[in-house]
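Order-wise, the sequence lines are chains Y and A. Going by my numbering, the first residue of the first sequence is number 1, and it counts up by one from there. Going by my numbering, the first residue of the second sequence is number 1, and it counts up by one from there.
To be clear, the hints were calculated from the coordinates, so they are not data collected in a lab. C-beta atoms are modelled at their ideal positions from N, C-alpha and C, and glycine is treated no differently. Each hint should be verified, as a subset may be incorrect.
What the hints assert, rightly or not - According to the in silico footprint, chain A covers these stretches of chain Y (three or more CB under 8 Å from chain A):
| no. | region |
| --- | --- |
| 1 | 11-25 |
| 2 | 62-71 |
| 3 | 97-106 |
| 4 | 110-122 |
As the list claims (entries may be wrong) - A few chain A residues that face chain Y, going by a derived Cβ cut-off under 8 Å, partial list only:
| no. | residue |
| --- | --- |
| 5 | 3 |
| 6 | 6 |
| 7 | 19 |
| 8 | 29 |
| 9 | 41 |
| 10 | 120 |
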Amino acid sequence: MTFRKYLVLAGITVFSTLGDSLLARGMKELGGISLHNVSGLLLAILNPWVTLGILLLLAFFASYMSALSWADLTYVLPATSLGYVLVALIAHVAFHEQILPTRWLGIALIAAGVGFVAVGPSVTTHAHPSTHDDVPADTVSQEVKL
Amino acid sequence: MNELYAWAAIALITLAATTGDVLLAYSMKRVGDVGELWKNRGLLAVIGRVLSTPTFFLGVLAMAVAFYSLLFGLSWGNLSLVVPASASLTFVANAVAARIFLHERVGRRRWAAALLVAAGVALMAL
């Protein structure tokens, strides 16, 4: 893991969080969309908050694809989960949603989870299959070694 | 009724997002390290190789379903319910799916991380 790779993981966290929050803001302005009003879902893209949210989610997607090319899915997902902590803080500041004590506990658990993967390996290499014979080597993980 | 719509959207997001994540992770492992590829062959080579991977488009399709379910869900439920609830379920589903379909080594550390994050995210939805 290089510094640049950690930057990509940080990018995933920040872009997805801001993107989701902007989308939420835009969708709240538009009000409830039902199955009887599907055209509303397509027109939602014209709302500036939704547009900006989509642009940020595209940036998220590019960094996410990059990370998945050199790290395991089960590493990338927990490693970038601090975004949900950011969502709570943004929801608190921008939408005045409350942060209850249970949410603070949630924030602590997420931080612990991030810590657990962060100190472990980022990619399955099967370099020593004898010590981990419960998981069979396969073509995908063979390619990771290349 | 809004609550029911929100949870229907959450179930749909979880299923579609897990399918999408696994397909995209599989595709990008086939593409190889994007950073190396960009450095050696340029950005066009990266884009070309990603776009010539058929499972990538299936993954994007699944993600598009998840994205529209999210828009649908966000218009009915709170940001702080729909996002954490679907994410929490997706973490656990992904750990199982990555082990089965991607043969990732999901050891005790990874399980602990997935479950802690899932529990934490679920707590934040309360």
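So, going through the hints one by one against the coordinates:
With 4 residues having a Cβ less than 8 Å from any Cβ of chain A, the region 11-25 of chain Y passes the three-residue criterion, so the hint holds. Coverage of the region 62-71 of chain Y by chain A holds in this model, with 6 residues showing a Cβ closer than 8 Å to a Cβ of that chain against a need of three. A count of 6 residues in the region 97-106 of chain Y with a Cβ less than 8 Å from any Cβ of chain A is obtained; the coverage claim is therefore met, three being the minimum. Coverage of the region 110-122 of chain Y by chain A holds [criterion: at least 3 residues with CB-CB distance below 8 Å; count 9].
For residue 3 of chain A, the suggested interface contact is broken, since its CB lies about 12 Å from the closest CB of chain Y, more than 8 Å. A cut of 8 Å between beta carbons decides the hint on residue 6 of chain A: the least distance to chain Y is about 11 Å, and the hint is violated. Below 8 Å, beta-carbon pairs count as interface contacts, and residue 19 of chain A has none with chain Y, the closest being about 12 Å; its hint is therefore violated. With a cut of 8 Å, the hint placing residue 29 of chain A at the interface with chain Y holds, because the nearest CB-to-CB distance is about 5 Å.
Annotation: residue 41 of chain A was flagged as interfacial toward chain Y, and the flag is violated, the nearest CB pair being 14 Å apart, outside 8 Å. Taking 8 Å as the C-beta cut-off, the interface hint given for residue 120 of chain A holds, the closest approach to chain Y being about 3 Å.
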